[in-house]
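Novice: Take a look at the letters that make up each chain.
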Amino acid sequence: MEKFDQLTGPAAPLDMANIDTDQIIPKQFLKTIDREGLGKGLFYDFRFDMEGKEKPDFVLNLPAYKGARMIVAGDNFGCGSSREHAPWALMDFGIRCVISTSFADIFYNNCFSNGLLPVVLKADEVHELMGEAKGGNHVFAVDLQAQTVVSPSGKTFGFDIDPGRKEKMLKGLDAIGETLEHASAIDRFEDKRRMTRTWATA
Amino acid sequence: MGKTLYDKIWDAHVVAVEPGGETILYIDLHLIHEVTTPQAFAGLRAAHRPVRRPDLTLAVADHNTPTEGQALGVDAVADLEARLQLQTLGRNVKEYGIEFFPMGDIRNGIVHVVGPEQGRTQPGMTIVCGDSHTSTHGAFGALAHGIGTSEVEHVLATQTLRQRKAKNMRVMFVGEPIPGVGAKDFALALIGEIGTGGGTGSVIEYAGPAIEALSMEGRMTLCNLSIEGGAKAGLIAPDDKTYAYIVGKPGAPKGGAWDLAVTEWRGLKSDADAHFDREITIDVSKLAPTLTWGTSPEDTMAVDGLVPDPESFSTDDKRAGAQRALDYMGLKAGQPITDAKVQRVFIGSCTNSRIEDLRQAALIARKALDKGLKVATGVRAMIVPGSGLVKHQAEEEGLDQVFLQAGFEWREPGCSMCLGMNPDRLEPEERCASTSNRNFEGRQGRAGRTHLMSPAMAAAAAFAGHIADVREYL
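As you go down the protein sequences, you meet chains A and B in turn. Position in the first sequence counted from 1, then plus 2, gives you this note's numbering. Position in the second sequence counted from 1, then plus 10, gives you this note's numbering.
Hints are computed from structural coordinates only; laboratory data are not their basis. All of these numbers come straight from a predicted model, not from anything done at the bench. Even glycine gets a Cβ: it sits at the ideal position worked out from N, Cα and C. Do not take every clue at face value.
Partial list, computed: chain B residues near chain A (C-beta under 8 Å) [to be verified]: (1) E32; (2) T159; (3) I290; (4) M431; (5) P433; (6) R448.
Simulated pairs of lysine-lysine, DSS-like, Cα-Cα distance not exceeding 30 Å [to be verified]: (7) B/K264 to B/K104; (8) B/K328 to A/K68; (9) A/K168 to B/K18; (10) B/K259 to A/K194; (11) A/K157 to B/K328; (12) A/K55 to A/K136; (13) A/K42 to A/K168; (14) A/K173 to B/K175; (15) B/K18 to B/K381; (16) B/K175 to A/K5; (17) A/K5 to A/K194; (18) B/K18 to A/K194; (19) A/K194 to B/K264; (20) A/K136 to B/K328.
Covered stretches of chain B, as calculated for chain A (at least 3 residues, CB under 8 Å) [stated by the list, open to error]: (21) 88-102; (22) 181-187.
One chain only, chain B, in its complex shape (with noise of 0.2 Å):
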């Protein structure tokens, strides 16, 4: 029988089976950030270990660095204990030779998009980081996933993992959308059908020919909230847009040896005869834009629909679930979503902060400026690109001045306020049309109300000041 593509990354990453049956498995590329490698560095430490292959890990500062002021350094960050675990990061990679981006280096950002950005994230390899969202990474063919930070210090000791092969599972896209219509709606749509533990214990495979059809940007969108589906990873097989993504980035082979690197990537692909112990079919045709309701990324609705009755829920506790996330929401059964007003607006987060997420908001943001359209007034809208360097292109292209001129603000790369770790967060009952991936009670500010949607909704809601049809907006 044949082998699918996780089968074929994993065993070629097989250093040692234990008895019990756990597998040592190798990893090329370990990411590593400021908040979940201090207690990792100082387990090193304390067994006096050093770090095996420094050459192979990377390290960015992304979670809790502020939006605005980078320039002035880590010792100007005002929250002391954000400011602290920065330091520490720092002086933790200087200790064992590890390359860092630190805040400010335009080469700095969200972890998952600097790995791509910097090609260092590469087809076959198994990329592991502290933190859920490293399945982005599988839209390039690569076994990626999060690890705790007890896993971070035994691949810093080991640059190895000790694992249970996940069961193999393919979601084929098919079908073309409409207009307004993207990954972002795809993975939400997925997720509203899985549930949130729909993937645990699998391996996502994505293919179809909506797969095919979508941008490097779109593809990482789509593996990053694979783990808001449960999934262990999400995986796409690299095609020529991922060898043309990568080709040229610093980390990418050069020369003759890219040549070389092609042709073995080639073979990333799950075989015809590949058995999957699970398989979905999702028509993408058949969505509308979508978006959450609720408090968890299964919450998910069609923008024209209206919010549901928990009544239609299947069991008592389903039900108990969802009228605890209508209250929490401040919405009622049976309402258009888009009478839901926002008071805040985020394009950001590993999920949606790349050049062409930015470029489709700026796209909304440019045709109701031509429609003399404006953010809505009581409206905060904020865009904070991935990384340095997407701020930079986004400048080249003039995106910038189109956000500004329309009454967004232009902030500095980071996390931000998907998890808001760093300044940037909700007031409590606040509500907020974001472009991240966790919609959790509590999420982005305490007592904050989160919608997920894509960029261009988000930018949408912004001139609305209500959640709104992107449609009306193209």
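Excised from the complex, chain A in its bound form (with noise of 0.2 Å):
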């Protein structure tokens, strides 16, 4: 995983609540059998028309967003599908963190096994930022140490983040790699889970 420590750019105003993972990477992307060079779906639909061509008034393609490192979005970011083509498709898009009211909870979960940055702040806040990168200095600067979101006017947000979490983001860990340090304790349990499924045949 990519550590996540601090980021400075552009952030793209997405004034929509509940942006599905159908939205941010659309079906005909997931036959691949990579990970890498999602971000040419990343939000297709939306990013080209019919023929193909890039639609001018989609925020991603106005030139003041082109190269944007951020996303603030409406309600609820990622929800439907557990692709995580999303992530992956939003991460070689050069977009490493989004910030939202809320997210789905496998989005979620699958930001955090990508080094993808959600960042939750109240309505109040994330209405705030939004109106921010919509104007004509949109560059944010995120703090994971901190647990900070300096917007461009100057203003500070703190926002929350499970400590476990945080630290594996800041470190890049292998969450595998973490979890097989516990390889004796799940010894025991499929010792005792053997014993008490005796019913069972696996």
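Assembling the complex is the task here: the two chains are given apart, and the hints tell you how they should meet.
Specialist: Below, the structure is given as structure tokens:
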């Protein structure tokens, strides 16, 4: 996993609620057997018309937001399908942080498997940041260690995050490696499981 | 204080608790399919890690399998990317010794139909799959939910998952539904009430007399749609109907072991004094057949109602969202939804492709045939059974003949047009009466228009040629 500590860059406003993972990365891009290269399909139906030409009015196609590193989005970002292709596509496109009032559970977990930072703020705070992201200067600074987002106008917003997840993301730790440290506890659990579930075939 | 069913299953699967509070939870059954696993196996291979418990893992091919010509095998799949993904799954399961029902095997089908059908889904288990509709298995009193591909790799390598405990929520369904109203309507009504984010962070237990009265198929439909309300999982305490469904299935305990298992399963229910963080009651006797009008599963309405006016929504954001949904769906505020003409009908998906779903659709088809009706001109209607075994059983019961006579297509099993990864999808602006689970923009095909509803409602729409009230076809 790519580690995440600090990030300064342009933030794009995506002022819609319930942006689902089908929107983030449509089905035709799920047939890959790789993690890389999914940026081309990010928000495909928003970015491109039926002929495959760029829609000039979509925020990520506007010159001011080319090179966006963050997204400010409406409530319940990432709902729907469990596809991890959604964070892979965001990362491949260059997005490393999404700010919203809420995230769907599976998408939220998937972010932490990939070093994509989901920042949860209150509705009025997201509203304020959305306004600033729509403005002329929309360069935000995010600091995971300090748990802050600093807006272009210089206002600081603090956010909460699970300490264990924060630690892993700061260091870019491999969750499987960490869990395998508990191999003997898993062995013991399986021994007990075998003895208590005598009726089970497996 | 007492424990909820979720608390009990959770407690029985804790392997270790990290200092930060993250819990390593044991996984009893890991279901896998072709779309969300190639990168997980590639990760294992790169790190030289084995699959810890291939015997607790079961693979199917379902998401991008074509629904015709399956007997020709994977090498004949026309879509080259889909073919490569299907071949990759075949190679991976062989290398790691995982049981696999490949395309064309009668046991193959949609992963959430196959698990229960094989008796692999059992009460009290923890079940995961790289698919959000894994919540389906909660119908058996199993804690089941979708995971991402990195977590698939984690489960393959460790047979555990790192989790934080969710909140407990309970939805009581009371009352007796009118004819034409069932589990799909219950679920849509609930999502309409709580919204697509209403269950976020919670496991929902469904209880009450209307749940006890539901068949296992109906319970699976309801639990399947838990994720559309944002819930981590849906759960229903097991009862005699659960045991009657499982007994004799290939994966079920046999002989004396069966009795021991049932004795243990009978303890799987929430204690009377268990605490729920949130409780909701829905009186199903007040529900009309329900469907979606917009582009989110929370955009629900009664079939005899009028398409809502965006001005009636409470905030600017919601008004804008509703207007966008109406424009996308090609509908006008205030029009009767039954005026909307359909070009496509899809009966299938992990939500509604089991034998009882097909029987309900066939019942409508038989009555329509008796009246001399056929699938309306200009409508293409597809039935896609959930598995080879469902297809076989339906054929034994003669349902395929009813459908074919009426003008439906009788296809081979798979996820099909629910997500349109295979060749079955909507053309732009085609309107579809669909028994699937998501009406998102573009879900069934770019610019396609999806209305979610029950199998009986979808069958009625096929004959009417427009959204129809199933009560007129009963």
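Novice: Taking the hints in turn, state whether each one holds.
Specialist: Now for the hints, and whether the structure bears them out:
no., hint, in the structure
1, E32, "holds, 5 Å"
2, T159, "holds, 4 Å"
3, I290, "violated, 18 Å"
4, M431, "holds, 5 Å"
5, P433, "violated, 12 Å"
6, R448, "holds, 6 Å"
7, B/K264 to B/K104, "holds, 28 Å"
8, B/K328 to A/K68, "holds, 28 Å"
9, A/K168 to B/K18, "holds, 29 Å"
10, B/K259 to A/K194, "holds, 26 Å"
11, A/K157 to B/K328, "holds, 28 Å"
12, A/K55 to A/K136, "holds, 24 Å"
13, A/K42 to A/K168, "holds, 29 Å"
14, A/K173 to B/K175, "holds, 24 Å"
15, B/K18 to B/K381, "violated, 52 Å"
16, B/K175 to A/K5, "holds, 25 Å"
17, A/K5 to A/K194, "violated, 37 Å"
18, B/K18 to A/K194, "holds, 17 Å"
19, A/K194 to B/K264, "holds, 21 Å"
20, A/K136 to B/K328, "holds, 20 Å"
21, 88-102, "holds (count 6)"
22, 181-187, "violated (count 0)"
The structure does not agree with the numbered hints 3, 5, 15, 17, 22 stated previously, though it agrees with the rest.
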